[in-house]
Amino acid sequence: MPRLSGEICLEDRKAGGWLRPRFLLLAAVAPAALAAPAAAQAQAPSQPQAQPAPAAPAKSQEGKPGQSLEGVVVTGERSTLRTDIDRRSYSVAGDLQATTGSISDALRNIPSLQVDVQGNVSLRGDSNVTIMIDGKPSGMFQGEGRAAALQALPADQIERVEVLTNPSAAMNPEGSAGIINLVSKQNRKLGASGSVRANVGSDGRWNAGVSGARNNGRFTVSGDLSYRHDTQKAEIDDRRARLDGATGAFIENRQQLTSLNEIDMVFARGGLDYDPDDKTRITLQATAHVMRPTSDGFEHLETDDAAGALARVIDRVSDFEQARDRLDLSTSYRRKFAGEEHELVANLGQEFGRVERDFERATFLSLPPAPDLAEVSAYDNRTRKTELKVDYTRPMPLEAKLKAGYLLQLDDNRYEQVGRRGPAGAAPPVDPRLTYEFDYDQAINAAYATYQQPLGDGFSVLAGLRLEDVRLDLDLTTGGPVSAKNDYFRAYPSLHLQHEFGEGRQLTASYSRRVQRPTADDLNPFRVELDPFNLRAGNPNLKPQETDAFELAYQHRKGATYYLTTLYYRQSDKGITDVVQDLGNGVFLTTRENLRESRSGGLELVANGRLTPKLTYNLSGNVFWNEIDASSLGFSDKRDAFTVSGRGNLNWQVTDKDFLQLNGFVSGKRLTAQGHVQGFSMLNIGYRHKFTDKLSLVITAQDVLGTFRETQVLDTPTLQGRTRREFSLRGVYVGFTRTFGGGRQRDPGFEFGGGPPAQ
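In the numbering used here, each residue carries its 1-based index in the sequence shown increased by 239.
Calculated directly from the structure, the hints in this document are not laboratory data.
All C-beta atoms in this analysis are idealised placements derived from N, C-alpha and C, irrespective of residue type, glycine included.
Among the hints, erroneous ones may be present.
To be verified - Here are the simulated distance ranges between beta carbons:
1) W891 x V552: 27 to 33 Å
2) D726 x G456: 20 to 26 Å
3) D476 x R838: 19 to 25 Å
4) R961 x T851: 43 to 49 Å
5) D954 x V862: 44 to 50 Å
6) R838 x D932: 51 to 57 Å
What the hints assert, rightly or not - No farther apart than 25 Å at their CA atoms in a straight line, the calculated lysine to any residue pairs in the SDA-like style are these:
7) K472 x K813
8) K782 x E832
9) K575 x E626
10) K724 x R775
11) K929 x R849
12) K375 x V529
13) K813 x N725
14) K518 x P607
15) K518 x E599
16) K813 x F789
17) K933 x S967
18) K933 x K813
19) K782 x L889
20) K375 x P764
21) K782 x A799
22) K929 x L889
23) K375 x N359
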């Protein structure tokens, strides 16, 4: 089992370790960039530039005409949207779901983002998006548990959501769609402040939390504690048919699943900031996530024979319990030097994660008659991530800015499962088809440099290059043996050009190269039996997907009104996708494969403004085109389709104390490798009454029309299928929020519920 100590286990790295000879080129980039001419210090201090540090929100600055790298603040009284040369930052202060809702609730109202009924997040139709917290990747937002974490974690400590569709080389290149950076609230006010909140919803849902901070000038201590209980009923209807080569007819399988799910989640965070002087800050932080999902399910499965007669009937009753825990420890050192934005930041962090799952199932075989079966399994996954990151920013002559840095990331994961199956009524023996051990080890060394320069006449440029060396080792011992290695060295360039026309008009063109690395679940070759008709397995031979992304954006603001138009295009090689294979006898295997190539593009429109002094709106729409080379998946040629989606938010300040909000979204049909996903939508309504500036009553209703469901269609020459998923997300919440200290607090938000418990 992996060691959960705080040490970096260098002895585990073989064949020269993780600092490899060819990485000497990488290691030389950062020192060379840092050794800028000493004459830079003799220059007058440069004006502040608007590319925010990964751990901080984009900053709004007042600047001189022609200094086009500065942030643009939209919407008058409150900075709802900020734009910078490489990102857009959306405040969630005005989102009436964010204070007491989940992170998924907040993301559903962000332009460019989509969250489906299972909690999976996509950016402009691409689910390969990296989610960070304060500029740092988090293990809880990776792999099979990401959707559950987003739907369980509270959003009340998130200040802004940064969307980077074309990040610069200073950012992690992981995620072909881009990056979502969740920026935490930072309380730097002197004295004490905090809040207490509680919400009660329908179907036994409830949540509560407390937050507090104290700042005496040199020391700032802050903490958060929240508890969330969600319940949910899930219904899945799956029908699949395979072509019978002998008769030319399709033979159908049918599966119906009903499950009652619950999840209890505790989130705790503690932080300490110490400023020994005005130019230095030392930060210590610990975050713990504890999730306890449970599920009771019933399945009914049928399959026909070639003549269309009923051939097999199976019923299954299952009980599922899981413990999903994560502890994140981090420390950072920030030192400011003479000159604007001249600083050194070093971060060291470790994440320890563990997932334990106990599963019991009874299987009743009625056609053809056979003895009942009992099945039990125990799953244990331990993960450890170590990250060392150093970033140096330095002002340069002619108001330019140089940024360079280094990253070391070590991932050490182990997966174990012991499954037992046999006749009911006796202790079942170990079943090799349900038992495996899988090790996943990855080391990433990266160095980058970016250079930002105003060119005059409203023009500016941000150029960068990131070099990465990756070493990956896989080992399926029990259940194999299968071993695989994948070592590669890649360069990821980026370029952003910007032109200010004046009068609030701006044009930005950008390019970046990105990568989507397969996850441990994608690579694990062990065949997991989901049910007698469906298996799932990873593919250890997967290669990373590489994407070239291009964008052209025009924005115009005038007072409180803001318009944004973006044209985008992405071309990917070796795209990673699900592929369903027919194994015969009514059994299907879902695995992962690399596509030959895919292309996508679209047009996105965003509009924010004020209709009357008390009525504001936020609207966005996206027309998305996707093309994939499906010749290796049973199709004769390439496949393509258009998807149209949109969202809207209407806010009405009825009186000084009463506030109404209406928000919703619509997502159209989306192309998949072997079919498509039909569209879905959601409408939410909320009301808030403020008794005082510090005490508020909130009443909300989620999915008012009951339209938030998903249907996935499988359509190939040899496989046909339709899977409908529906989760009981409709609900009503009633809650109170009480704030104290720290002056006037921002208005509390609405509770629109969470999502499906982790599976």
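Comparing the hints with the structure gives:
{"no.": "1", "hint": "W891 x V552: 27 to 33 Å", "in the structure": "55 Å, violated"}
{"no.": "2", "hint": "D726 x G456: 20 to 26 Å", "in the structure": "50 Å, violated"}
{"no.": "3", "hint": "D476 x R838: 19 to 25 Å", "in the structure": "33 Å, violated"}
{"no.": "4", "hint": "R961 x T851: 43 to 49 Å", "in the structure": "46 Å, holds"}
{"no.": "5", "hint": "D954 x V862: 44 to 50 Å", "in the structure": "23 Å, violated"}
{"no.": "6", "hint": "R838 x D932: 51 to 57 Å", "in the structure": "52 Å, holds"}
{"no.": "7", "hint": "K472 x K813", "in the structure": "37 Å, violated"}
{"no.": "8", "hint": "K782 x E832", "in the structure": "9 Å, holds"}
{"no.": "9", "hint": "K575 x E626", "in the structure": "22 Å, holds"}
{"no.": "10", "hint": "K724 x R775", "in the structure": "22 Å, holds"}
{"no.": "11", "hint": "K929 x R849", "in the structure": "22 Å, holds"}
{"no.": "12", "hint": "K375 x V529", "in the structure": "20 Å, holds"}
{"no.": "13", "hint": "K813 x N725", "in the structure": "15 Å, holds"}
{"no.": "14", "hint": "K518 x P607", "in the structure": "77 Å, violated"}
{"no.": "15", "hint": "K518 x E599", "in the structure": "57 Å, violated"}
{"no.": "16", "hint": "K813 x F789", "in the structure": "18 Å, holds"}
{"no.": "17", "hint": "K933 x S967", "in the structure": "33 Å, violated"}
{"no.": "18", "hint": "K933 x K813", "in the structure": "53 Å, violated"}
{"no.": "19", "hint": "K782 x L889", "in the structure": "44 Å, violated"}
{"no.": "20", "hint": "K375 x P764", "in the structure": "29 Å, violated"}
{"no.": "21", "hint": "K782 x A799", "in the structure": "47 Å, violated"}
{"no.": "22", "hint": "K929 x L889", "in the structure": "19 Å, holds"}
{"no.": "23", "hint": "K375 x N359", "in the structure": "20 Å, holds"}
In the structure shown, a violation is registered for the earlier hints numbered 1, 2, 3, 5, 7, 14, 15, 17, 18, 19, 20 and 21, in ascending order.
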